[in-house]
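Chemist: In the order they appear, the protein sequences are chains A and B. Plus 67 on top of the position in the first sequence (first one is 1) and you've got the working numbering. Plus 67 on top of the position in the second sequence (first one is 1) and you've got the working numbering.
Think of the hints as simulated: they come from the structure by calculation, not from any bench. Hints may be right or wrong, so weigh each one.
Same chains, same label: a pair holds when it works inside one copy or across any pair of copies.
Straight-line C-alpha distance at most 25 Å; calculated DSS-like pairs for lysine-lysine [what the hints assert, rightly or not]:
1. Lys-97 x Lys-172
2. Lys-248 x Lys-304
3. Lys-304 x Lys-180
4. Lys-181 x Lys-101
5. Lys-147 x Lys-101
6. Lys-260 x Lys-101
7. Lys-101 x Lys-164
8. Lys-248 x Lys-180
9. Lys-164 x Lys-180
10. Lys-147 x Lys-97
11. Lys-260 x Lys-181
12. Lys-172 x Lys-304
13. Lys-234 x Lys-171
14. Lys-164 x Lys-181
15. Lys-171 x Lys-260
16. Lys-234 x Lys-147
There are 2 protein chains.
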Amino acid sequence: MRSDVLRLPPGPVDLTTFDAASAAGFPEDKDQGKEALAGLGAELAELQEQLFAQRGADHARSVLLVLQGMDTSGKGGVLKHTVGLVDPQGVRITAFKAPTDEEKKHDFLWRIKKALPGPGKIGAFDRSHYEDVLIVRVHEWADADEIERRYGAINDFEADLVESDVKVVKCFLHITADTQKERLLARLDDPEKYWKFNPGDIDERSRWAQYREAYQIALERTNTEVAPWYLIPSDRKWLRNLAIGVLLRDTLRGMGLRWPEADFDIDEQRRRLETEAPIA
Amino acid sequence: MRSDVLRLPPGPVDLTTFDAASAAGFPEDKDQGKEALAGLGAELAELQEQLFAQRGADHARSVLLVLQGMDTSGKGGVLKHTVGLVDPQGVRITAFKAPTDEEKKHDFLWRIKKALPGPGKIGAFDRSHYEDVLIVRVHEWADADEIERRYGAINDFEADLVESDVKVVKCFLHITADTQKERLLARLDDPEKYWKFNPGDIDERSRWAQYREAYQIALERTNTEVAPWYLIPSDRKWLRNLAIGVLLRDTLRGMGLRWPEADFDIDEQRRRLETEAPIA
């Protein structure tokens, strides 16, 4: 399994041409897929710990995982099942809801910058600054010039992040409208899922084609060399979780992480312990 | 396995009388202990999700897990292996280091209050406000009157938390000096662990008896009815992780959590989905 098959090619985007249920080189079978994700756990955990271990270094690296997708596409599921495979001490998760009154007073990137991962951490955004060119575009909550400005502002912002040692990994969780319908109905059928259901989700669903268009434009305009988009087939939950697991693994592998050298004299410290006064 | 056996009895505390390697009713065997922890996973995850699901309710509940203990006692291990069993979206972890210059300008509880878990969340503190009566007492970084004042301030603060629907669970991770020595030496023997070693830890170790005394006083003075202390035998890592897992499970069980009722008309929402206009 290789994550480069998930990378969105440059140029205009037509989401209807992308398969939401499979990816080349990935399993077709649920049990195999779940096993493959579990099999990633140990390596992911080690790579994450190496990332964390170098947090005190000059130019310490970090990772920012951006999750975008329609309601029920499974942003929360990825956080639980894939990001949940690594030590939670090394993870900073932020879910972006409708902006507060204070947040509205600032530029749209203000609250985003406050939520960035510190050195050595994996940050994960459940929705992000992309909402400001998605739901905002669909509802015309900002004028066309402002939205136009934002694509460039996002590209500049992400280029700055990459420059400052934050690896940016952007995932679009791609589902079909039929899958969303199934998942919304499933929430209505299960009293353990009522809390996840919001009648407003059906209102947004009625704007499906407008959201698709807004996504297509945003994906095309912000699919940069330094911070490209990945299309995650998300009609099957286990494939979605696995695909992002592989992408995260490949990202961390590509960073050339190593265990830091000792910055003290190992033998001297061992001697101190072995010759210490009795402790009672 | 019941967590009430871990509860510190009221009154003066003599840590030398507590077993750091076993607990009544808990397994004696490592494989059994690891299996038991894995067996807690599903229930812990469900309880945590129920806690999260009620976050929008009036008087939404949350949990604050406070982890204290000498270096190498395994605060990080508990976060990874026990807290790591639940969905990281529902968890807020804060590690308290030496206070920054800004933090020093404020009362010792200022930075603590900023790190409290939001409604529906499990907060976890790796070190906490207790450092201000522990390391600060051992090093005499504050005068005796100020430290005396802090025990009461801590009790008032924690009583306020409990009053405002935050369940406070305080764990002292109890290890022997011999175990600490073993673990420090292990860090010196393994290049994958050098980054966890700090020569200053050996300096602090030389004050073991003073730390024990500071802990004994702090535990006695802050072992309140509403926010009691639990003594976690931590000489064996798997027992420590399991004990805190059981404590967390019992805490969540005791909160009487249930899945929230639907706050919308289920049939109406189902009808909306089933009669919608075609989506393309």
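Chemist: Hint compliance check: list the failing hint numbers for this structure, sorted ascending.
Modeler: Violated: hints 1, 3, 4, 7, 8, 11, 12, 13, 15.
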